[in-house]
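Guided by the hints, dock chain B onto chain A, whose structure is given.
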Amino acid sequence: MELRPILSTLLRHKTAAALIVLEIALSCAIICNALFLIGNRVERLNLVSGVAEKEVVRVQLTGIGEDDNADALTSSDLALLRGLPGVKAATVTNQVPFVNSSWNTGVTMVKDQKQPTLSATIYMGDEQFLAALGPKVVAGRNFASDEFIEWSALDAPGSKISVPAVIITQSLADKLFPGQSAIGKSFYSWGENAIRVVGVVDHLVRPSEQGGAVAHEYSMIFPIHVPFSLGGNYLLRTDPARRDEVLKAAVAVLEKNSPNRIILEKNTKSMEDLRAQYYRQDRAMVWMLVAVILALLVVTALGIVGLASFWVQQRTKQIGVRRALGATRGQILRYFQTENFLLATIGIVLGMLFAYAINQLLMGKYELPRLPLFYLPAGAALLWLLGQVAVYGPARKAASVPPAVATRSA
Amino acid sequence: MLGNSMFAYYFNLALRSFRRNKVLTALMVLAIALGIGASMTTLTVFYVLSGDPVPTRSDQLYYVQMAPESMNGFTPGEEPAEQVTRFDAEKLLREKRGDRQAYMTGGGAAVTPDKQGLMPFQVDARYATADIFPMFDMPFLFGAGWSATEDERRGRVAVIAKALNDKLFGGANSVGKTVRMDKVDFTIVGVLDEWRPTPRFYDMNSDRFGELEQVFLPFSTSRDLKMGRNGSMDCWDDSNDSSDPEGSTGVNAPCVWIQYWVQLDSAAKAAAYKQYLTNYSDQQRSAGRFERPTNIRLRNVMDWLDYNKVVPGDVRLQVWLAFGFLLVCLLNTVGLLLAKFLRRSSEVGVRRALGASRRQIFTQCLVEAGTIGLAGGAVGLVLAWLGLWAVRQQPASYAELAHLDPLMLFTTVALALAASLVAGLIPAWQAMQVTPAMQLKSQ
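Protein chains in written order, with this note's numbering: chain A, 823 to 1232; chain B, 11 to 453.
The shape of chain A in the complex, shown without the other chains (with noise of 0.2 Å):
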């Protein structure tokens, strides 16, 4: 196919042609970023958390004024609720993931270090905490009986006592212990003493993902019985079909336990749901953004169709002059098809520096890391198909011009 015959057409409509260069080039830069934005995204929503979703039921209550016997009430909560049937294990904890609120802390690897080495959540938990949960251990244990304290006992003003053992994450013992084994060592967090790590488990999400990508699983579970009154999280482990009929029974007996407490219903529910309520942001956004490519595409679409149209009417008699010379209708409608093809490619690699550009705007202003090199393509052979598809109804009707209008002078 020769292009000089083409090329010069072009140049005599440079205006048309710039606005499809452009307009392809324009909507290839946003369905770049957009395909990249949506990409982040649905990383976020696939991230592994290292709880039982599917397994785990949240119940979440709080206390009518102060109860001088939280501590006796938990226990008693406790022992109801994993008696219940179909209840595998049964926990209270002062934070979940999943949830806008988060304890942290610094840790350090010398005392009276004066930075933190880094920040990470605590979760509290007791001696199901991790059975109930679902994170798997990996290295260690879990804790030893002796090693749990009271929450009352460490808050009490003037307390003495300190955490004895710490199971981390294997993100935090990567970070914090590169290369070597986690176990035995110690660090810094809470209390005067340093806290030795007696366990590793492989993954445990911190609430409300603080951190970004990178300390996101920077998460410490200390050996603490705390009272509902503290965070007022109860989490029972138990089987997917049977969670609904868990939840009820747990919420009614821990009503019947005591009727000075009220069950947050907003907040009582498995821990599937907890999730997917939480990434619903998330995914209205993935939702808008296949809307606006597909808008695009559309319009973009439409626009090559109503310009190439143009095109083809008016030159309506050069086209039956060709055909008249002898050029087959498949000659035609690969001129056309050829033509776009050449507007594309221009348009495609204006689009890609767009793109990069637009994507620095965004990496500044919005903290998105840079765009993969493989979007580029994507949007490249979308945008290629998309024209060839668009031009390829005028290029038809190109084609079907009988030479016969050479002849006539009109």
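Careful, some of the hints might be misleading.
[Stated by the list, open to error] Keeping only pairs whose Cα atoms sit at most 27 Å apart, straight-line, the calculated DSS-like set for lysine-lysine is: (1) LYS172(B) to LYS1088(A); (2) LYS193(B) to LYS1078(A); (3) LYS1139(A) to LYS836(A); (4) LYS177(B) to LYS1088(A); (5) LYS172(B) to LYS236(B).
[Unchecked claim] Incomplete in silico selection of chain B near chain A, CB under 8 Å: (6) LEU37; (7) MET81; (8) ASN82; (9) GLY83; (10) GLN132; (11) ASP192; (12) LYS193; (13) GLY323; (14) LEU331; (15) GLY334; (16) VAL338; (17) VAL344; (18) LEU348; (19) ALA349.
Calculated from the structure, these hints are not laboratory results.
Please read all numbers here as calculations on a predicted model, not as lab measurements.
Don't be surprised by glycine CBs; every beta carbon is placed ideally from N, CA and C.
Frame of chain A; chain B shown alone:
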């Protein structure tokens, strides 16, 4: 140049041309409508979220920040802590250097209703000092806030919001009645009217676009009753070293968890107050309480909201995306207008031969473009209305605030008109270059 009769004539020509090219015209209107609809939806959401929450007071209210922490974790040049300690809050309030001042924090309370058949329920509360009500210009339905004396003697008084009043008392005047919270009877001194500051600027630590707290009660009372707090607490050094029975919420606790707002009626007073804060900070340093170098901020409401980047990143991103889409739609329109005008070259040629000046052709084309723009704007308005309906179904807390107001309505139409006129410039220019002779020679 564009007299009434000429305008009517151009308009007439435009309509004829639309009727002849229905499909093309429809495509153009659709393209503009889509672009305008998307842009106005996202722009309206952005406008709602970035508005002034207290327009009557926003330039007089200032948020106090200082750096009370120990040297652990200190980075030179960083911003000071985002809240103040209880010690500093109480001391600044006692010294009363501003026109009005108040400190506050979030909390919760369990309400046990008297009404039969209503189970106890949890509400969000705000623990504050007396000046908060006049400072934030809060509208009252019945009664008023409490006075400084109630703060001092830890009175069991409360101001409740309209929604809670409706729920407990059926909307009647409940001033003087009691409400039982956390097992203690509180006397209601005031009922707030509908108020939804967007965002809840006074506390950036809780749901920023959420609903108002249902209960306001004196801070001192909340400490007396050890009521639970809701918000962010940042402590340095081990607070267990002290033997304060109140722990981290005690007066001398090394924790920041309180928001301090001051009302200063003029810029001069603001400068003077800033100087006062600097002196206060220096004093605390020499007394040994503060370890870090003096680092004071006194931001007014809009600056404070800016600093906290209160408009979610997602919303900003969506505005940019929508305007990018509008740009593509405009390019589309330029192309289609070009096609439309140049198709009629022979008509233009005839008109020029009959004596129309180039300018008149240009104007007529612009009128045509503008008419398409107005039509596109009208359809775009419907699309924006639908788009905002979709936004309101979203799970975000600001979702229900997304409404078209008169300013946004006007902006929609103006944007559509302006965009279409700009889009029409190049095609109109090309149309007016058509020479009469060329067109008359061939047909």
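For this session: Provide an ascending list of the numbers of those earlier hints which the structure does not satisfy.
Result: none
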